[in-house]
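S.K.: Here's the letter readout for the chains.
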Amino acid sequence: MSGLPHQPRLTRLTRLPRSRRVRSLGIACFLSALAAVITGPSGDADHPLAGITGSFAWPRLIIFVVAALGLWAALLSGGHLASRGRALSTRARAAMMPSTSMPPAPGGDGAGPPAPAGPLRRIAAPITGRHGARLGHLALLAVALAVPPALSTAAQQALVGEIGVYALLALGLNVVVGYAGLLDLGYIAFFAIGAYTTAYVTSAEAMPWHAPWQINPFFALPVALVVAAVAGVVLGGPTLRLRGDYLAIVTLGFGEIVQLLANNADGVTGGPRGVFGLPPLSVDLPGVRYSWGLNPLPYYYLLVVLIVLVMVVFGRWERSRTGRAWTAIRQDEVAAEATGVATIRMKLLAFAVGASVSGFAGVVLATKQFFNPQSFGLQASLLVLTIVIFGGMGSRLGVVLGALVLQGTAFLLRDTVPPADRFIYFGAVVVLMMIFRPSGLLPPRRHRALPRQDVPGTPAVPAAAGTPLVGAAVGATAGAGQDSALAPGAAPGPGPLPAPGSLRTSGPPPASGASPGSGAVPGPGPGAGAGPGVGPGAEPAL
Amino acid sequence: MTGRVIPDPRPSTAAGPILDVRAVTLRFGGLTSLDGVSLRQERGSVLAVIGPNGAGKTSLFNCLTGAYRPQQGSARFWAGEDAVELVGRSPHRVARLGIARTFQNIRLFPEMSAVENVQVGVEVRARAGALRGLLPTPAVRREEREVLERSHHLLDFVGLGRRAALPAGSLPYGEQRRLEIARALGTTPSLLLLDEPAAGATAAERRDLVTLIRAIAEQGVSVLLIEHDIRLVAAVAGSISVLNFGRVIAAGHPDQIRSDPAVIEAYLGDTDDERSRP
Numbered sequence: 256m257s258g259l260p261h262q263p264r265l266t267r268l269t270r271l272p273r274s275r276r277v278r279s280l281g282i283a284c285f286l287s288a289l290a291a292v293i294t295g296p297s298g299d300a301d302h303p304l305a306g307i308t309g310s311f312a313w314p315r316l317i318i319f320v321v322a323a324l325g326l327w328a329a330l331l332s333g334g335h336l337a338s339r340g341r342a343l344s345t346r347a348r349a350a351m352m353p354s355t356s357m358p359p360a361p362g363g364d365g366a367g368p369p370a371p372a373g374p375l376r377r378i379a380a381p382i383t384g385r386h387g388a389r390l391g392h393l394a395l396l397a398v399a400l401a402v403p404p405a406l407s408t409a410a411q412q413a414l415v416g417e418i419g420v421y422a423l424l425a426l427g428l429n430v431v432v433g434y435a436g437l438l439d440l441g442y443i444a445f446f447a448i449g450a451y452t453t454a455y456v457t458s459a460e461a462m463p464w465h466a467p468w469q470i471n472p473f474f475a476l477p478v479a480l481v482v483a484a485v486a487g488v489v490l491g492g493p494t495l496r497l498r499g500d501y502l503a504i505v506t507l508g509f510g511e512i513v514q515l516l517a518n519n520a521d522g523v524t525g526g527p528r529g530v531f532g533l534p535p536l537s538v539d540l541p542g543v544r545y546s547w548g549l550n551p552l553p554y555y556y557l558l559v560v561l562i563v564l565v566m567v568v569f570g571r572w573e574r575s576r577t578g579r580a581w582t583a584i585r586q587d588e589v590a591a592e593a594t595g596v597a598t599i600r601m602k603l604l605a606f607a608v609g610a611s612v613s614g615f616a617g618v619v620l621a622t623k624q625f626f627n628p629q630s631f632g633l634q635a636s637l638l639v640l641t642i643v644i645f646g647g648m649g650s651r652l653g654v655v656l657g658a659l660v661l662q663g664t665a666f667l668l669r670d671t672v673p674p675a676d677r678f679i680y681f682g683a684v685v686v687l688m689m690i691f692r693p694s695g696l697l698p699p700r701r702h703r704a705l706p707r708q709d710v711p712g713t714p715a716v717p718a719a720a721g722t723p724l725v726g727a728a729v730g731a732t733a734g735a736g737q738d739s740a741l742a743p744g745a746a747p748g749p750g751p752l753p754a755p756g757s758l759r760t761s762g763p764p765p766a767s768g769a770s771p772g773s774g775a776v777p778g779p780g781p782g783a784g785a786g787p788g789v790g791p792g793a794e795p796a797l
Numbered sequence: 089m090t091g092r093v094i095p096d097p098r099p100s101t102a103a104g105p106i107l108d109v110r111a112v113t114l115r116f117g118g119l120t121s122l123d124g125v126s127l128r129q130e131r132g133s134v135l136a137v138i139g140p141n142g143a144g145k146t147s148l149f150n151c152l153t154g155a156y157r158p159q160q161g162s163a164r165f166w167a168g169e170d171a172v173e174l175v176g177r178s179p180h181r182v183a184r185l186g187i188a189r190t191f192q193n194i195r196l197f198p199e200m201s202a203v204e205n206v207q208v209g210v211e212v213r214a215r216a217g218a219l220r221g222l223l224p225t226p227a228v229r230r231e232e233r234e235v236l237e238r239s240h241h242l243l244d245f246v247g248l249g250r251r252a253a254l255p256a257g258s259l260p261y262g263e264q265r266r267l268e269i270a271r272a273l274g275t276t277p278s279l280l281l282l283d284e285p286a287a288g289a290t291a292a293e294r295r296d297l298v299t300l301i302r303a304i305a306e307q308g309v310s311v312l313l314i315e316h317d318i319r320l321v322a323a324v325a326g327s328i329s330v331l332n333f334g335r336v337i338a339a340g341h342p343d344q345i346r347s348d349p350a351v352i353e354a355y356l357g358d359t360d361d362e363r364s365r366p
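Which chain is which? The protein sequence lines are S and L, in order. Its first residue numbered 256, the first sequence is counted upward by one per residue in the numbering used here. Its first residue numbered 89, the second sequence is counted upward by one per residue in the numbering used here.
A few of these clues could be false.
Said to hold, decoys possible - Beta-carbon label-pair distances, calculated as ranges: (1) G288/L with R496/S: 27 to 37 Å; (2) G118/L with R496/S: 24 to 34 Å; (3) L406/S with Q192/L: 57 to 67 Å; (4) Q192/L with A675/S: 51 to 61 Å; (5) R220/L with G387/S: 27 to 37 Å; (6) I352/L with P693/S: 49 to 59 Å.
Stated by the list, open to error - The following residues of chain L were derived to be distant from chain S, with all beta-carbon distances above 12 Å: (7) T120; (8) R157; (9) G176; (10) P179.
Treat the hints as calculated values from the structure; they're not laboratory data. We treat Cβ as the ideally placed atom computed from N, Cα and C, and that holds for glycine.
Input sequences plus hints: build the corresponding full structure.
M.R.: What follows is the structure, encoded as structure tokens:
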């Protein structure tokens, strides 16, 4: 107890909690204790502690201790698997590096097709990189198309109403929150606007207030899209000058206003009773006639089409100027504005795009099921936000998977967990997620190395050949922070402005433009680690 | 040329002013940050603004780039033949007119790669809007290729060619500064504002910076520079304006400035900073 001999043990004790295992055990115990308390009996005023003591009655205690140990084991092995997976993927990426992030031909003899890839790359290619991603996406799509018919009707209903619609909502919110970094807490309002718009234009009976003429429900899709987008602009116009917290508060208020209107404006929306009896979605064109009817499955496939469409469109945006502008705004709005990005306009665009996707989801909701203002509460907004955060902000596939996992789990547990408790579990899951995967289930791929397309021409500046290290002079020396003779330096550096880059406008990227001189440039070649001498064929694999 | 989507910078051959600031006054409540500041910069020149901390240098930049709106005064800028008023324009419009800037405390897009940072700047001159960008038509693809190509050229120009794929936030300090300059150059400015580009730089980095600024000026871009390091300023700037307490207390050739008694008293004399001694 006293003095020095115990010193080492003490330090060991204090060090222990830092170990991964102990931390995992703590988390597992905490979660199962939480579950025990939540699922146990509730106390009352006379016996305030009954809930606690009842929760930890012997048989229950044993169950939850076992659950905690099981969870612990899962956490540990999961960690192992994750680190192993990481190692594997970094290795695979290392093998891919030369082909993706570096110029195809550092040697610079641009003539002829790139040399055949090394064997390793051929093996790695289908698994990683673009090919792999595409294959993976196709496989997921195949599963998404093939599995649902085998499920029960209840599951199919859930796939449409809870998973599909929310996946679509999450994709839309992902643009606002994930891309542009705007916290929108009233997002569900646009969902409501989409749904009520559909009711307004497709049915004369569903609501007291209806359009003078009714249109085919299928054409409600574009109408709802436009109306929701306009609503997004109307809300965004005055509010997007606000930043951060202020924007969150204003959008929160907007969401409440819309829900309250839906609830209280009986004469317009039908009030708390909600809207039912809308015609099911159908196409009625000269060539095409199809009704989605009352089965969930056709709606599911419609949702899959919409989701894939939205994902493709957003994927294109993500990689385009627009996506970069959004990312820039998210990361530093002042810098983005100073760099010439029209920040207000881009934020409005994000808002409108998110809103219109939400409007889409509203159409599906309206034509599939009955709905009432309760579907559009703050909780729904928060649920969508949770899905986005859980799935991975900024990752399209991530948020769709997030909807599948979160809503799917809720569906599977619908009989065991009372709906009122659902959010407790969502909360716990999100907390866990933030601890172990802070950027979500499937974080977006960032700083992807872009292939350099102008290899042959780049270093071929006359000065470069004469004085090695020209363009790179500034970089190499200052970068290393060593002695740098000012000397011949960058003065005649590869001019950016009126220089080769912009003048050589529409030339085909590599091939013909390669002058023999370019190959001879020693230093500034972009070949980085590989060293131009190795040649394009030999990958410095692994 | 049909393929020219990214315009070349405006020709710099025409003589005359590029920037004419007249009697700009900026107040924050009772504090007068700028008090009737005037300065004039010739096209293609390097002008330095020096002054002690709090003299209003960065405020002046912020007035020129639209971040602040001065209560009085005008700042005219010659993008082409005609002068345009800068006061009252929003920052991104100023950037599109052809004024680019860097920040005293670096402001990059840290999670984007170096080349993407530059792309954001270059794309200011791109045509494909949000909707057109959705369809990968040949024109759109070509433009994207040109943007990328130009961005890589700019990275080479500032010596970061090998860092293209790295996240900007992971670069060392000195390289971040140069990346910021590359991003600013991406917007094809005719006037580049550098806010203390040598802050925190090593001696070697300072020398490289001098080279870089000279190279930029040689491309026909006028440079307006805020800097403390008087040796660096003297090495690159054709003329100097000295600010103190929001007023221009001296302006002229570097040698003149060094011997100007008012400057020595206000700025050089009362500091013990040996590097600012001639």
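S.K.: Of all the hints numbered above, which does this structure not satisfy? Sort the numbers upward.
M.R.: Going through the list in order, the structure violates hint 10 alone and respects the others.
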